[in-house]
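Chains A and L supply the protein sequences, listed in that same order. Here my numbering is used: position 45 in the first sequence is 45, and no number is missing along the way. Here my numbering is used: position 319 in the second sequence is 319, and no number is missing along the way.
Since the hints were derived computationally from the structure, they do not count as laboratory data. It is possible that part of the hints are untrue.
[Stated by the list, open to error] Partner residues are not named here, just some residues of chain A that face chain L (Cβ under 8 Å, in silico):
#: 1; residue: 10
#: 2; residue: 39
#: 3; residue: 40
#: 4; residue: 57
#: 5; residue: 63
#: 6; residue: 71
#: 7; residue: 84
#: 8; residue: 85
#: 9; residue: 86
[Stated by the list, open to error] Listed next, the stretches of chain L that the computed footprint assigns to chain A, with coverage defined by at least 3 CB atoms under 8 Å from CB atoms of chain A:
#: 10; region: 15 to 23
#: 11; region: 272 to 281
#: 12; region: 465 to 477
#: 13; region: 490 to 500
[Claimed, not checked] Here are a few chain A residues that sit away from chain L, every Cβ distance over 10 Å (derived from the structure):
#: 14; residue: 3
#: 15; residue: 15
#: 16; residue: 19
#: 17; residue: 37
#: 18; residue: 59
#: 19; residue: 61
#: 20; residue: 74
All residues carry an ideal CB built from backbone N, CA and C; glycine is no exception.
One letter stands for each residue in the lines below.
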Amino acid sequence: MPEITLRLFGFGPRASGFDTVHRSVAAGTTVRKLWENLCSSADDTELLARIDERSVVFLVNGTLIHQHKTNRTVLKDGDTVTCMVLAIGGQGYSQEGGDSWGSARQLVHQKKEHQEQSS
Amino acid sequence: MIRDIGAQGILNVDLSSGRTWLDEAPREDLLHFLGGRGINAKLLYERVPQGTDPLGPDNVLIFGPGTLTGTSAPSSGRTSVTCKGPATGLYLKVSVGGHLGAELKYAGHDYVVIHGRAENPVFLWIDDDSVELRDARHLWGLGTREADRLIREELGDDEIQVGLIGPAGENRVLFSCIIFSLYNSASRGGIGAVMGSKNLKAIAVRGTGGLKLAEGEQFFELALRTRKELSEDAGSESLYRWGTSGSIPPLNEMGMLASYNFSRVTIDNAERISGQYLEDEGYLTGRESCFSCSTACHRFVRTKEHAYGVVQDSGPELETMLSLGAECGIVDTEAVIKSNQLCNDYGLDVISTGHVISWAMECYEKGLLKGKQADDLDLHFGNVESQLDLIGRIALRKGLFGDLLANGTKQAAEEVGGDSWKWAIQAKGLEQSACDTRTAKSYALAFAVNPRGPDHLMTECYAEFGVTEEARALIKEITGDEEYADPTLLEKRSDIVRWHEDCYAASDALGFCAFTSTAAYAVNPRNMAKLFSYALGVDFTEEQLMTAGRRIVTLERCFNVREGARREDDVLPWRMMNDPVPEGPTQGLVTDQKTLDRLLDEYYQMHGWDPESAIPSKKTLEMLSLLGLCSEIVAD
């Protein structure tokens with residue numbers, strides 16, 4: 001199974017932090033599949049589930065992968081995949097209405113509240 | 001007084017005689033050139049003869065808010081400031097936000113044209129239809145913040161809008177700027193030096209009138225709809241949240257972050273100079289919008305550690321973070337905040353200031369600058385203290401070294417000699433902004449043909465990256481295929497550049513911020529044409545709007561042709577054409593002469609300009625109704 005490095009920027013409570021994790025993915029996994037898996041997982045990256053893919057920039061080894069090509073880009077062993085929220089320009093939509101950052105901020109807030117309650 | 005938005009009143013001020021007079025741009029000019037940048041270009045062409053000294057009294061300085069500035073059209077508060085530029089000796093237009101443009105409109109003036117040179121420092125006070133030149137000797141030598149405060153105090157009105165220069169403009173530093181509304185900078189090409197050469201410290205404006213729209217109801221409805229589209233834009237949200245420096249992390253990841261005087265394209269700990277970091281770490285203290293803007297990307301910051309003193313200032317933006325940060329090998333957040341504050345107060349363009357310093361650092365590290373020649377400064381990359389020291393020396397032209405750097409990298413390299421000219425990231429005499437034109441080919445072409453020199457503020461081709469669905473749709477609209485949304489391709493670059501040139505020119509002329517028209521796309525040519533139509537009560541099409549944009553771009557070219565600029569001047573900085581990207585995903589890319597020639601050939605052909613000389617043909621000028629104005633540049 002290919003081993004990849006996944007770098008997420010700006011999805012957690014800190015806008016400027018990189019979360020870097022190493023993962024094994026099934027052979028033939030595409031960038032899109034990786035994203036879908038991230039969105040459906042129940043760990044810290046649950047935030048991703050609410051962010052519209054169209055607001056996300058995908059890079060593989062530093063090269064921009066247009067969103068419509070994410071389902072054609074198969075990950076190889078040693079690849080570094082970076083996912084970042086758009087920093088300027090373009091239109092972004094949230095499927096649930098409102099802007100995607102609004103949703104993200106709401107989730108961060110919920111998460112913080114949850115953490116505070118847990119502690 | 002409420003006046004017709006199409007009135008196009010020109011306030012002329014002759015500083016030499018103290019005389020002021022009013023005239024009007026003809027209605028036909030408004031339809032041809034749209035206003036703002038367009039009419040400014042025509043006035044410049046008519047009033048500044050070939051060979052005029054940019055820092056002499058015969059140059060003019062024109063302030064022209066966009067035609068829709070002062071209305072509710074979203075993000076329409078921009079003002080174009082135009083003159084013959086001292087850094088290049090060519091056409092210079094600088095666009096600036098803030099609130100002064102709208103205030104001028106409300107005072108009853110669509111353009112202010114400054115002629116001559118005052119005997120002693122003065123400032124111009126426009127209070128509706130009252131115009132007065134006031135003594136500014138007590139303000140000369142003061143920083144922009146203090147001078148602004150004193151002008152407000154003297155005039156007894158805190159609501160006035162002020163545009164003014166700092167000591168750098170007074171000392172005619174070739175990259176000095178004009179600061180508007182305290183925190184907005186008309187930065188490039190030494191426009192502040194032109195104001196300084198006229199002994200004009202400031203222009204202060206109070207307007208209490210209004211603007212009458214021909215079809216107000218339709219205008220408001222469309223303005224509101226466009227505003228809503230903009231506010232729902234993910235790009236606008238991130239611009240609001242982080243400012244333009246929010247794009248630093250992706251640029252670093254892609255190996256496109258200008259650092260160490262463009263000798264590298266990444267830097268460690270880049271996130272410390274990002275907008276995200278400013279927010280996370282509590283540096284960000286507030287946000288503000290320019291007139292009529294729903295995005296509000298302008299920010300305020302305050303230092304926390306106070307390593308360089310307590311600093312409160314406007315938020316460093318992308319170009320500031322790169323030029324005063326990464327380009328100089330600095331990722332110290334507070335150092336960049338402090339450097340930015342110094343530049344703003346002295347009235348220096350941050351892009352050129354950073355480049356001049358990073359060029360000096362590279363020369364120093366390579367042994368071409370040393371000892372007394374560099375005023376005994378340690379100029380290794382990353383030396384914050386030397387950078388802070390140099391900013392003051394440059395603004396005040398202090399010592400031989402400060403004086404040398406104050407003339408920009410082109411002239412400084414001629415003095416220093418050796419290979420230092422290769423590391424001067426400039427063309428036409430202007431330091432390049434931070435986009436890597438080795439990688440992004442539309443930007444490369446756009447920068448090479450830019451009449452004021454290589455930067456992004458005449459043509460922004462962000463869509464070529466195809467980051468968003470909308471950007472790719474635009475590329476498809478321009479080229480027929482969204483696959484051309486790839487900045488490394490050479491095909492279709494001239495089509496992409498031309499569309500963006502035309503759109504940007506129209507956007508500037510109407511007063512729109514380019515973020516809304518060529519980075520986000522809610523203010524598109526269709527909406528612009530409709531808003532213009534509703535405002536003036538004319539039936540103006542999208543095609544007419546883009547043709548007017550083209551007319552402006554061509555007239556600007558004609559100005560430069562008359563000054564002697566030709567194809568050989570349409571180049572990029574040496575490093576962009578000869579030093580391939582050294583690392584990262586774009587390693588090896590370069591825009592060499594052969595590549596640039598291919599792009600230029602296509603571009604000139606598309607425009608109907610002679611491929612050998614880059615002079616617009618007679619047929620092209622006829623087609624754009626410019627032949628009467630520009631007949632002298634056409635070869636017999």
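task: Count residues of the region 465 to 477 of chain L with a Cβ under 8 Å from any Cβ of chain A, then say if the count reaches three.
output: Holds, because 8 residues of the region 465 to 477 of chain L bring their Cβ atoms closer than 8 Å to Cβ atoms of chain A.
message: A closest beta-carbon separation below 8 Å is what the hint needs, so does residue 85 of chain A meet it against chain L?
response: 7 Å, holds
- prompt: Mind checking, does the region 272 to 281 of chain L have 3 or more residues with a CB under 8 Å from chain A?
  reply: holds (count 7)
message: Closer than 8 Å Cβ to Cβ for three or more residues is the test here. Does the region 15 to 23 of chain L pass it with chain A?
response: This one is violated; 0 residues, fewer than the three required, reach chain A with a Cβ under 8 Å.
- request: Would you assess whether residue 61 of chain A, listed as outside the interface, keeps its beta-carbon beyond 10 Å of every beta-carbon in chain L?
  value: The claim is violated: residue 61 of chain A sits with its nearest Cβ about 6 Å from chain L, within 10 Å.
query: Holds or violated: is the Cβ of residue 84 of chain A closer than 8 Å to a Cβ in chain L?
result: Result: holds, 5 Å to nearest chain L Cβ.
task: Return the status of the interface hint for residue 71 of chain A: holds when the least beta-carbon distance to chain L is below 8 Å, violated otherwise.
output: This hint is violated: residue 71 of chain A lies away from chain L, its Cβ roughly 15 Å from the closest one there, beyond 8 Å.
- prompt: Is the hint on residue 39 of chain A kept, meaning its closest Cβ partner in chain L is under 8 Å away?
  reply: 17 Å, violated
- request: Report holds if the minimum CB distance from residue 3 of chain A to chain L is greater than 10 Å, and violated otherwise.
  value: 20 Å, holds
field: Satisfaction of the residue 40 of chain A interface hint, Cβ to chain L closer than 8 Å
entry: Violated, about 22 Å.
query: Was residue 59 of chain A rightly flagged as not at the interface, with every chain L Cβ beyond 10 Å?
result: Residue 59 of chain A is in fact no farther than 10 Å from some Cβ atom of chain L, at 6 Å.
query: Was the hint right that residue 57 of chain A lines chain L, CB cutoff 8 Å?
result: Given a least distance of 6 Å, the restraint on residue 57 of chain A holds.
This entry does not satisfy hints 2, 3, 6, 10, 13, 15, 18, 19, going by the numbered hints stated previously.
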